[in-house]
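Chemist: Okay, here's what each chain looks like letter by letter:
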Amino acid sequence: ATLDDVKARGTLNCGVSTGLTGFSAPDANGVWQGFDVAVCRAVAAAVLGDPMAVNFVPTTGQTRFTALASGEIDILARNTTWTFSRDVDLKFEFVGVNYYDGQGFMVPKALGVSSAKELDGATVCIQTGTTTELNLADFFRVNNINYEPVPIETNAEAQQQYLAGACDVYTTDASGLASTRASFEAPTDHVILPEIISKEPLGPLVRHGDSEWGDVVRWSFNALVAAEEYGVTSANIEELSASAGDNPELNRLLGAEGELGAMLGLEPDWAKKAIMANGNYGEIFEKTIGEKTPIGLSRGLNAQWTEGGLLYSPPFR
Amino acid sequence: MTTMTDPPGQGFRLSQLIYDTRYRSLTIQVVAMILLMLLVSWLVANTVTNLHALGKDFDFGFLTQPSGYDINQRLIAYDSQSTHGRAAVVGILNTLLVAVLGCALATVLGVVAGVLRLSNNWLVSRLMAVYVEGFRNVPLLLWIVLIFALMSESTPAPSAFRGDTPSASMLLDGVAVTNRGIYIPAIHFGAPFFDNGLYNWLIVLIAFAASVFAVKRLSRWAAVKQEATGDRPTTWYLTLGILVLPVAILFALMGAFLDLPSLQGFNFQGGIHLRGSLIALWLALSLYTGAFIAEIVRGGILAVSKGQSEAAFALGLRPGTTMKLVVLPQALRVIIPPLISQFLNLTKNSSLAIAVGYMDARSTLGGITINQTGRELEGMLLLGLFYLVLSLVISGAMNVYNTSVKLKER
Amino acid sequence: MSDTHAQTVAYVRDTMTEQREPPLSQTGAYKWILGNMLSTPLNVILTIGSLWVIWSVLSHVLPWAVLGIWNADSLSACRAIRTEIYGADASVACWAVISERWPQLLFGFYPPEGYWRPVLAFALFIAAIAPILFASLPRKMLWLTVASPFVMFWLIWGGTVWAPICIALGFVIGWAAIRVAGPRIGALGSILLAILVPVLYWVVIAGPLASGLSAILPIGLDQVASRDMGGFMLALIIGIAGIVLSLPLGIVLALGRQSDLFLINKVSVIFIEVIRGVPLIVWLFTASLLLNYFLPPGTNFDLMLRVIIMVTLFSSAYIAEVVRGGLAALPKGQYEAGAALGLDYWKSMRLVVLPQALKISIPGIVNTFIGLFKDTTLVVFIGLLDPIGLSNAIRASTEWNGIYWELFVFIGLCFFIFCFSMGRYSLFLEKKLRREHR
Amino acid sequence: MQNQATETVDRSHMQVSDEIAIQITKMNKWYGSFHVLRDIDLTVHRGERIVVAGPSGSGKSTMIRCINRLEEHQAGKIIVDGTELGSDLKNIDKIRSEVGMVFQHFNLFPHLTILENCTLAPIWVRKIPKREAEATAMHFLEKVKIPEQANKYPGQLSGGQQQRVAIARSLCMKPRIMLFDEPTSALDPEMIKEVLDTMVSLAEEGMTMLCVTHEMGFAQAVANRVIFMDAGQIVEQNEPKEFFNNPQHERTKLFLSQILGH
Amino acid sequence: MQNQATETVDRSHMQVSDEIAIQITKMNKWYGSFHVLRDIDLTVHRGERIVVAGPSGSGKSTMIRCINRLEEHQAGKIIVDGTELGSDLKNIDKIRSEVGMVFQHFNLFPHLTILENCTLAPIWVRKIPKREAEATAMHFLEKVKIPEQANKYPGQLSGGQQQRVAIARSLCMKPRIMLFDEPTSALDPEMIKEVLDTMVSLAEEGMTMLCVTHEMGFAQAVANRVIFMDAGQIVEQNEPKEFFNNPQHERTKLFLSQILGH
Ligand SMILES: Nc1ncnc2c1ncn2[C@@H]1O[C@H](COP(=O)(O)OP(=O)(O)OP(=O)(O)O)[C@@H](O)[C@H]1O
Ligand SMILES: Nc1ncnc2c1ncn2[C@@H]1O[C@H](COP(=O)(O)OP(=O)(O)OP(=O)(O)O)[C@@H](O)[C@H]1O
Ligand SMILES: [Mg+2]
Ligand SMILES: [Mg+2]
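Chains as they are written, first to last, in our numbering: chain A, 974 to 1290; chain B, 915 to 1324; chain C, 1255 to 1692; chain D, 17 to 278; chain E, 17 to 278.
The hints are simulated quantities; they were obtained by calculation from the structure and are not laboratory data. Among the hints, erroneous ones may be present.
As the list claims (entries may be wrong) - Dumping the calculated SDA-like pairs for lysine to any residue here, alpha-carbon to alpha-carbon at most 25 Å:
| id | chain 1 | residue 1 | chain 2 | residue 2 |
| --- | --- | --- | --- | --- |
| 1 | D | LYS143 | B | PRO1243 |
| 2 | C | LYS1686 | C | GLN1477 |
| 3 | B | LYS1238 | D | LYS110 |
| 4 | E | LYS42 | E | ASP97 |
| 5 | E | LYS42 | E | HIS121 |
| 6 | C | LYS1613 | C | ALA1384 |
| 7 | D | LYS106 | D | THR129 |
| 8 | D | LYS190 | B | ALA1137 |
| 9 | E | LYS106 | C | ILE1421 |
| 10 | D | LYS190 | B | ARG1232 |
Claimed, not checked - Selected chain C positions facing chain A (in silico; Cβ < 8 Å):
| id | residue |
| --- | --- |
| 11 | ALA1464 |
| 12 | SER1465 |
| 13 | SER1542 |
| 14 | LYS1586 |
| 15 | PHE1635 |
| 16 | ILE1636 |
| 17 | ALA1650 |
| 18 | THR1652 |
| 19 | PHE1670 |
Stated by the list, open to error - A partial selection of chain C residues facing chain A, derived with a Cβ cut-off under 8 Å:
| id | residue |
| --- | --- |
| 20 | ARG1355 |
| 21 | GLN1477 |
| 22 | ARG1481 |
| 23 | ASN1546 |
| 24 | GLY1637 |
| 25 | TYR1658 |
The C-beta atom is built at its ideal place from N, Cα and C for all residues, glycine as well.
Isolated chain A (complex conformation):
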């Protein structure tokens, strides 16, 4: 089973993108950083007790599924959209959604466009190898307008083409649009159109057929979400876990009560370690892609359900 393999190996093999701003990128020291990367680290901390015991395997849009299917990686945390066919036909198991995204459009302000429906005849830059192409084709067909797709392999090229004016519109997931726009010299010259033409629930996934491992990853991630819901942060977690508090759910989460860890085949303090790796979901979000970062994404749909968002961790019991 994957869990035993990972424990025996001592490291977690985690598939990430070869580079997507805010979600996964190596820094100057070669240490991978980002929102997707944090999920991997949390799982590694929960399973192995060490958030740094992760082998990051850069994958491209083309190679990611094969890498997972062949066992080269244990988890794929590479902004991958959860779709029916991927889940059922390609035989993977999505363990949750760590970012609710949707495909959007960015255009230069100078074009004077205010809605995607006005884009008849426009040239659209898209990043290939994702669901984007399919969404785009559907959107324009449904609205019965023409467009000229310019498929581009990497975000950097797409960005360069868009800035040079080789396409009128750049479309990708809204989070990508925001981070791309943030890197422009004059971000305010570009607008992100209001239409979100697709649902893009991005989440980590594992292979079909190893539900134990799926549970480990799912609940490690849920722990991060729950931690935010209950106000557990990396700052106060030591204190909270030192003694059992009066919130039984919190106690179960932090291992002070019940045997959740053992049920998963992990240490009792697995969730604590997962949270301590990078903090809770909210902390990770703020650090990697939140409003204080150059990427500047707002929580939006990714707020806790208690705050009108979609993040909703099932109960720990």
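Given the coordinates of chain A, work out where chains B, C, D and E with the ligands should sit on it, guided by the hints.
Modeler: Quick look at chains B, C, D and E with the ligands alone, frame taken from chain A:
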């Protein structure tokens, strides 16, 4: 042959399998055959097990399912509701298109650069050396990416053609060079013979082919005349007339008119759109391969010794005639075989189209289709087969040429 | 000087004319410019055209490159400095990304304190190929050549020193098998044996032996995972490993293609043509997407190794064609002399034919290597972080998001320097060979 | 080295006219700053057969190649058949089609048959009908005694045969002057004779010939003047008999002693 | 062309034994459908020195090459040293290491030094220790009078020296029979003598030799039988004196008149 080499009746010994030259080769081949079969069956068995474990089967049915994605560059009708199979065909045609265009331009560039590199103009020959070495020694992938980016940054966006005082304007009112590609006028027919546009063009093509044939006859006639009288009659105006008139008449009959591209909305509309990705890939492939061809051409010309042109000059032949009758025919024998293998390389390298989003066979069949359907094995197999057949056809043509030249030499 | 007439033919020069300087039109810069650049109207046009090309390229590139900013920690900082010095419209390079990230472009994520290891390994490689390329060096150095693959492997990947030693031991065992069994069961049998025995040894004994030895005597370097390697180091490793490993296979294929055994010949031809007929990028996708299908269920080894295997198969087809050229260049008399002395096929190949054929093939092999080295950039499409892949990764960091040309220019320049000098070297070898072969 | 055949030449009818075929005055040439030809003065009358001798590097080839502008001279005058050689392309063309040249290495066109080699220039330069050109070519091929090889390629011929084809090829242009640059020095001894025989028969017909050669037997038998060059200058010239028996200049003596002693 | 040195051979002790070294019976060979060797019958006794002569293309080389299986014969029998040459590899190996061969173009291995050329086969075929093989090699190199060149490469030697090395290389295998295929025809005249001298001294030691050559002086001086071949057949064979002075067959007469007259 009357006697046997070995006395008969000695009987067959097992050791003869190894030590007898007559059986030895058979033994080796049988052993090799068995090993080969073992290897192949091992691979096949593994594949079957693995496919089974993954719950996949080996099935080309996906080719008949709708693809769901759009392709901008297409030579045949296609939309997102067409099948994966059709998408593959679109990709294959795109590969062939860029390969043919690339081979043509690379040859031109290579010949020009190769000849100029031999020029006695120091500046020009140095410049060509820089071109050749620069392109040969940097990976093609980098060149494709760089040229694509360079093109989109150095040419105006369509929006620059807009407004009262546009910063860019169309050439001759019919050609627009933009960073999305080049728009050129298209020819349409007002009173076509057939509804299907393809047939109209087929007629034009047939007429043109007939003209070309007539021109060939004309030049044969001129050659015969030259043989008889020594003077070659001037035929260029006849040639021109034969080439242009029939097609022109056809055009007039069908009411041909130019469809000029014009700026409408976001883009130019009408005319023919040569996309930036095609042009970038085409240019990069041609420039890169052209650098190799330049070296081949230079080598070929140098291989024809200086004595040959001197002898021709001494006979009173002009430099142009010398080039045509003496140097080129000899140089071509040296040039053509490596030239064709460069064509092969160019064709294979066109699979780097992925870098600029040109939808060739690799990007459609071997890219998005595989990605959407998860049929790696089938997709890659088809793709490999396509390239293999293409290469075999090209190298087959080369072999035919080589033998024909060899026959002519002696 | 008198006119010479047919009638008074005789003439004897009394004073010899001295060597004179040529007229002004024949010397100096004037003649050079006139003769080289302005000799005909066409030449004048070409010269002006060239000058225009040079000017238009340099006038754009030079200021951008020369005025570039070297000290900044992000693209926005770069832009701020530029605005401060040159104004907002100026277009200047932001070389700071290179000065900050060059170790990554060269070594990938290799631990910085271990940089000496790949450097030493490549130095070792140079030392190891020297005796092959320069016949004047002492033959003893060939031992270094034999040992270097194992040492290089150990230096780069680290781990216990016993692993490479135990692997190397397999070759020794194979050699010993030939030595011991050869006289008894003949060449063919001993070759089979020399393949079988080491394979058995590697599969069954080598692993436990290595771990046993390292338990007793733990000597080793820190282990570095393949995925920590990137940049030019990755390109070099794949290129060198590909060429070195493909050499034996390529030689076998070349011999196979020359063989008059129908089956062997056809199998070699088919292998070579299939490999050469399909683009490398398709093979790389095969390595990353399909190789797992062909191997027993559960086998899984890292992508870099798979790429090296694929690249080895790929370049072996090209090497085979190069070696075939070398074999064909050998006069038939060499084969016959070997046979007449009583050398069997393998011995005369090993002792007489191959040493000569390979020497002739070296320039071709170097050229194949250059091609392969350039082609390693394609691994970016399967997610390995070669220089181009790294440039994408660098751009994905928040500091350098949006930077473009600088990285490509730097990478292109590095490739150019490397390939150009290799190409010159191969030319030099070719000339030398031609001299020696006359 | 001397060939008996050449001794049989009947010189009586080999008339030298007063008409001037080539006139070179004060011709100078430099290669870069190296002064190859220095103040060359030479008048060749129609029908003269001149042999140019001299040590290697003395400028013999260069001088001969200047005459049909394979090399450019930088000072002085060359008048061939009344036409001055300058940078005027028309004059160059005219002179080149009047002057035939035979090279040391034959320089036949390997991709054309012998017959095509011989008809190429007549057809393209003289604009002679092909049939007629072929007849002429066959005539000259018969003259050099290899008509039966007409449809072979040069590669299939021996060196001596190739050189004879080269001579025939030049003759097909009906030149009034023939230049030879060491036509026999790349040949095996047996083949030298067949080529020299051909040249002798040409001489007998009164062709104006300028011939760089080391075949002193040929010079003695055929030439009516021998020119000795050294260090880019004409050092001595004389009738063959005088030249060989009674050389005047030191260098000539030295040269002859080497050539003949050997 | 004849070499005086060869006249000095003392033939008295060059004994021919009764033992048979090579026996060829009814041997036939075809190249495709071309019948090169027709019913060759030849018996060579140990110690015999046989010269094979004949016009070009008559099959001399082919016959000699059949003896050590560089070419395969298709019918008939060849027995060398009591071992029949068939398709059995072991016999072929045995015969090849008993029979030395010297080629027209030396075929030295250019990548090995002279010494390595000579020790290669003894070490790898005869499995003789290197030291010993080198001693033997030096002995034979001394015999062919070039011990001082032992560490040079073949490219640094003259043709005659190379051919002598080729002879020494064969001798190092201690062959009982030596085959020579026109060993001197690729050499300059001066060098022919040194090679012939070497062969003469070999003959003096009683080596069985089968030698294709056009050096009739050598044949007269050394051979005890001359074989004349034409069109793939042995036309005549005789003692040298008889052969040269009194040829029987028409073709032999014609051939001798050409060879000797020339
Ligand atoms: N293209 C050239 N550039 C520079 N120097 C040259 C060139 N061609 C010839 N020379 C030099 O000019 C001199 C005369 O050369 P030329 O070939 O005329 O001599 P030659 O008398 O014909 O000698 P040979 O008997 O060897 O043919 C020689 O010193 C030669 O090195
Ligand atoms: N490999 C071959 N294939 C076909 N024919 C061959 C081959 N080798 C030789 N021949 C032909 O066999 C005949 C005999 O050749 P061989 O070399 O034995 O003649 P030779 O007597 O040695 O002549 P030479 O004195 O020229 O060496 C010749 O007609 C030759 O053309
Ligand atoms: Mg000369
Ligand atoms: Mg022969």
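Chemist: For every hint, state whether the structure bears it out.
Modeler: Hint by hint, here is what the structure shows:
The suggested pairing of D/LYS143 with B/PRO1243 holds, with an alpha-carbon distance near 21 Å, which does not exceed 25 Å. Using a Cα cut-off of 25 Å, the hinted pair C/LYS1686 and C/GLN1477 is violated, with the two alpha carbons roughly 43 Å apart. With a C-alpha separation of about 21 Å, the suggested pair B/LYS1238 and D/LYS110 falls inside the 25 Å cut-off, and the hint holds. Taking the CA atoms of E/LYS42 and E/ASP97, the gap is near 18 Å; set against the 25 Å cutoff, the hint holds.
A threshold of 25 Å between alpha carbons decides the hint, and for E/LYS42 with E/HIS121 the separation of about 30 Å lies outside it, so the pair is violated. With a C-alpha separation of about 13 Å, the suggested pair C/LYS1613 and C/ALA1384 falls inside the 25 Å cut-off, and the hint holds. As the CA atoms of D/LYS106 and D/THR129 are separated by approximately 30 Å, the hinted pair breaks the 25 Å bound. Of the supplied pair hints, the one linking D/LYS190 and B/ALA1137 holds, its CA atoms being roughly 24 Å apart against a limit of 25 Å.
Distance hint between E/LYS106 and C/ILE1421 is unfulfilled; the C-alpha atoms sit about 36 Å from each other, more than 25 Å. At roughly 18 Å between alpha-carbon atoms, D/LYS190 and B/ARG1232 fall within 25 Å of each other, so this suggested pair holds. Using the Cβ-Cβ criterion of 8 Å, the hint placing C/ALA1464 at the interface with chain A is not satisfied: the shortest such distance is roughly 19 Å. Violation of the interface hint for C/SER1465 is found here, the shortest Cβ-Cβ separation to chain A being roughly 15 Å, above the 8 Å cut-off.
Because the smallest distance between the Cβ of C/SER1542 and any Cβ of chain A comes to about 5 Å, under 8 Å, the interface hint for this residue holds. A hinted interface residue such as C/LYS1586 counts as satisfied when its beta carbon comes closer than 8 Å to some beta carbon of chain A; here the least separation is about 50 Å, so the hint is violated. Taking 8 Å as the C-beta contact cut-off toward chain A, the hint placing C/PHE1635 at the interface holds, the least distance being around 6 Å. For C/ILE1636, the interface hint holds, the least distance from its beta-carbon to any beta-carbon of chain A being 5 Å, beneath 8 Å.
Given the 8 Å rule on beta carbons, the hint for C/ALA1650 holds: about 3 Å separates it from the nearest Cβ of chain A. A distance limit of 8 Å between C-beta atoms decides the matter here; for C/THR1652 the minimum to chain A is near 5 Å, and the interface restraint holds. About 22 Å separates the beta-carbon of C/PHE1670 from the nearest beta-carbon of chain A, more than 8 Å, and the hint is not met. At its closest, the beta carbon of C/ARG1355 sits 6 Å from a beta carbon of chain A; the interface hint therefore holds under the 8 Å criterion.
For C/GLN1477, the interface hint is violated, the least distance from its beta-carbon to any beta-carbon of chain A being 11 Å, above 8 Å. The closest approach between the C-beta of C/ARG1481 and any C-beta of chain A is roughly 6 Å, which is under the 8 Å cut-off, so the hint is satisfied. Satisfaction of the interface hint for C/ASN1546 is found here, the shortest Cβ-Cβ separation to chain A being roughly 4 Å, below the 8 Å cut-off. Checking C/GLY1637 against chain A: minimum C-beta separation of about 5 Å stays under 8 Å; hint holds.
For C/TYR1658, the interface hint holds, the least distance from its beta-carbon to any beta-carbon of chain A being 5 Å, beneath 8 Å.
Going through the hint list in order, the structure does not satisfy hints 2, 5, 7, 9, 11, 12, 14, 19, 21.
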